[in-house]
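I would like the entire structure built from these sequences, with the hints used as guidance.
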Amino acid sequence: MKMFSPRVHHLRAVEGKLLFLAGAYLLAGAGVLYFLKPAPSTAVVLVGALITIAVFWGLHLFWLRTGFAGDPFLLPLVAVFSSTSLVFLYRLNPAYAIRQFVWLMVGLVTLLLITRLPLRYRVLADYKYLYTLTGVIGLLLPIFFGVEQGGAKSWLDLGLFQVQPSEFVKILLVLFMAAFLAENRLALAEGSRTVMGIALPAPQEWGPLLVMWGISLLLLIFQKDLGAALIYFSTFLAMVYASTARIAYVCLGGALFLAGAAGSYALFEHVRMRVEVWLNPWQYVETAGYQVVQSLFALAAGGLSGSGLGAGLPLFIPAVHTDFIFSAITEELGLAGGLALLIIYMLFVYRGFVIALGARDDFASLLAAGFTALMGLQTFIIIAGVTKLLPLTGVTLPFVSYGGSSLVANFIILGLLLNISHETQLVNNTSGPIDFSSNYWRGRR
Amino acid sequence: MKTNIRRLSYLILGSFVLLGFYIGYVNVFLGPVLATDPHNRRLAVYESKVHRGTIYDRRGTVLAQTDGGRRIYPLGQDAAQVVGFISQRYGRVGLESAYDRYLLGMTEKDKIEVIMDRLLGRPRVGNDVVVTLDARLQQLAMQLLGKRQGAVVALDPRNGAILVLASSPSFNPNTIDHPAGRSSSGKVLTRYDLLQQDKGAPLLNRATQGAYPPGSTFKLITAAGALTTNPEVAKRIFNCQGSLIIDGFRLTDTAAHGSVDFNRALAVSCNTTFARLGLEVGAERFYRTARAFGLTGDPWTGNPPEVAYRPGTLTLPEKMNKPQLASSAIGQGEVLVNPLQMALVAAAIANNGVIMRPHLLARVQDPREGVLLQTVPRPWLTAVSPEVAGIIKEAMVAVVREGTGKEAALPDITVAGKTGSAQNPKGDTHAWFVGFAPAERPSVVVVVIIENGGAGGAVAAPVAREMIRAVLTAGP
Chain A
10 MKMFSPRVHH
20 LRAVEGKLLF
30 LAGAYLLAGA
40 GVLYFLKPAP
50 STAVVLVGAL
60 ITIAVFWGLH
70 LFWLRTGFAG
80 DPFLLPLVAV
90 FSSTSLVFLY
100 RLNPAYAIRQ
110 FVWLMVGLVT
120 LLLITRLPLR
130 YRVLADYKYL
140 YTLTGVIGLL
150 LPIFFGVEQG
160 GAKSWLDLGL
170 FQVQPSEFVK
180 ILLVLFMAAF
190 LAENRLALAE
200 GSRTVMGIAL
210 PAPQEWGPLL
220 VMWGISLLLL
230 IFQKDLGAAL
240 IYFSTFLAMV
250 YASTARIAYV
260 CLGGALFLAG
270 AAGSYALFEH
280 VRMRVEVWLN
290 PWQYVETAGY
300 QVVQSLFALA
310 AGGLSGSGLG
320 AGLPLFIPAV
330 HTDFIFSAIT
340 EELGLAGGLA
350 LLIIYMLFVY
360 RGFVIALGAR
370 DDFASLLAAG
380 FTALMGLQTF
390 IIIAGVTKLL
400 PLTGVTLPFV
410 SYGGSSLVAN
420 FIILGLLLNI
430 SHETQLVNNT
440 SGPIDFSSNY
450 WRGRR
Chain B
10 MKTNIRRLSY
20 LILGSFVLLG
30 FYIGYVNVFL
40 GPVLATDPHN
50 RRLAVYESKV
60 HRGTIYDRRG
70 TVLAQTDGGR
80 RIYPLGQDAA
90 QVVGFISQRY
100 GRVGLESAYD
110 RYLLGMTEKD
120 KIEVIMDRLL
130 GRPRVGNDVV
140 VTLDARLQQL
150 AMQLLGKRQG
160 AVVALDPRNG
170 AILVLASSPS
180 FNPNTIDHPA
190 GRSSSGKVLT
200 RYDLLQQDKG
210 APLLNRATQG
220 AYPPGSTFKL
230 ITAAGALTTN
240 PEVAKRIFNC
250 QGSLIIDGFR
260 LTDTAAHGSV
270 DFNRALAVSC
280 NTTFARLGLE
290 VGAERFYRTA
300 RAFGLTGDPW
310 TGNPPEVAYR
320 PGTLTLPEKM
330 NKPQLASSAI
340 GQGEVLVNPL
350 QMALVAAAIA
360 NNGVIMRPHL
370 LARVQDPREG
380 VLLQTVPRPW
390 LTAVSPEVAG
400 IIKEAMVAVV
410 REGTGKEAAL
420 PDITVAGKTG
430 SAQNPKGDTH
440 AWFVGFAPAE
450 RPSVVVVVII
460 ENGGAGGAVA
470 APVAREMIRA
480 VLTAGP
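Respectively, the protein sequence lines represent chains A and B.
Our numbering numbers the first residue of the first sequence as 10 and each following residue consecutively.
Our numbering numbers the first residue of the second sequence as 10 and each following residue consecutively.
Take every hint as true, because none was put in to throw you off.
For the chain A half of the interface with chain B, some residues (derived, Cβ under 10 Å), not all of them:
#1 194
#2 386
#3 397
Note that these hints are calculated values from the structure, not bench results.
Where a beta carbon is used, it is the ideal one built from N, C-alpha and C, also for glycine.
Below is the structure:
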């Protein structure tokens, strides 16, 4: 094995130790599942766990070999999410766990491919209008060719499996926003003209943003995918704020959002129902409110320490394996388990922002902040939804809920975050200037 | 820009912290309510897997038992309201509901055992509950009430253990969801449906949910207020003319009792004397005294309730005029109490002024590992000073020895008591007797009310006498 800078070695050593803990966590969960029903057919869970551990370790060793200097905490944190996901999906329905396992492998390979091209993400900044087009097409397709699941028409049926384009379009959204804002943020922040004493930027500067936002929102209304719309919109606002620090934009965005919300409340029955159920679920306890009420029962059933893995009754919640998996986890691992998971998400978000703050330039910084905000907001929105703090909108709990598109998309985000941090480490550890235009690292492999 | 990103991170991480607190709130504070919500299917699933525990009385007599998947109540109608029932259709009431978590083995202490049972594949068995009730006394009380409407309460004033909560008319809890008739539209009605329509309200636990005017038994509270305000009252001589005029309102007595001292006034239940004492005490202090005896309170406040309890009601002092005060002082007017409440009033006097917290739970025991939980007697209220309690006790002995309560007297046992014949809108007076024995070292309080039964001394006192005899001759 070639030796790289001591810094890289140190980073990967931290990662190794943490992965060891994550592996122990997965083995413990898989062991419990096996001993709950010790039969040869159940042994698949142990095999799956060992393969998962091996693949995570393989990725770690590969990075060590190639001198990848990405953040050492993100992979172990994601390993904990993936372990939780596999264990709980197996416990809820083994068939889902097996499919999720396949998607996890796809996600990890995607991650490996992305981190093989650590500095190529910069190229992405140059093609921002291309993604806008790709994104729009991606969102349009399900409206015409899509299949409906759980009230939202946001899936494309590809025969072998179904794809949810909005999960990938959210990555394009962040990429576009980061590229656009990095280029125009000064103009946006200061304004190039004055209207009634208020500095305003020129239409050509904010126009594309607004159009992008409007298109995505309109499409989502047609797809009835409220959760994705909410995430897109809040991420949009977070990134505009991060780049311009102009509260006026956030207020304007908030006002636009309220107008949109009021409009869809008035226009769409399904939106009205969501709000009604949120305000008074007990009135709809046998109908539309059934799911969220069952979720509350599950949250309360576990007490502080939980009923224990496999001993709760989370299957009373319809579709518990996707949006409601957090309730199942809290029922069986208790308040302690639920809060622990929440804290792990906080650590993920924390590392994401650390990467954003250390990034080399505006584009990288905005990109990292955008992805992190996206992950954080998505986690907050779904957990707040299943606990009835906010109206329920169907989105996945990142890395944990069942869903291939979501999982692979999240691994792409993870890969890009890692690449940004890799670049930061590189700059900090090299005395001489680095030519980023050349394939500096390619020669080393 | 880095500052903005830092602020954004604070916002997002901060909202996670809030979310964490909110989830904690749902789990810890809403948890108990959610766990017992009728829409929560977990309870039913859990129940179907658990062999529900048995409820025993203080002597080990079975009050409720699961046998072959059916819940059986051997005492039938004799303890129906207090023990309650479980029904797929009508839920659970009474002790069956109050002790659900013990009977199903759902307490914190059971958690380890639940895990052990699961690991070893043992069937889950709930805990047994032993209550302070005495099945024999309960049956005797129902027998003495017979077909009459009313209630009997017996409790131990030294520790608050409730021995009897009898309520008549009653029902058979074993057949609660059996079909029993048809409605006018041809719909099949169960026994429960019919009981709900019954004008005699058999489902009501009169002993704790009744709302009766207390009549002269309330003079105990008036006496306590007067003696606390002015101890000289005990030595005063009163003159009863047979009636009293207060602000134009004429309060008549059963007779002109002439010149009476305090003991005599209570013994003959002199209305004019106690109306005067009530006026002397004043509305404010009168109300305070009633509250000190727990009149408007619920002894289960702050603890899991064991019975459905209707606290007493009394007009607020600022809304009470003099004629109202005078009639409240003799237990008429706008005072309403339940029988257990009057038993607690007597218990205060029997126990040197201190009311012990009434309870039904004696202990919870695991069929394998013995006692899990035991009730520790605790004081609830201090109603009066020991001196005042002593003076009233003496007067109550006089009531039974030479006054209106002679029918409650027993050979060799000194019984203390107070009768009441409470006027009410429904006809003949409600017959009350409130008492305890032995007066020297009281170990049992008995309260009897017979609705529209007539004079307390003639109708209720004999029932109380038989109850006291049964308690004191049967041993512990």
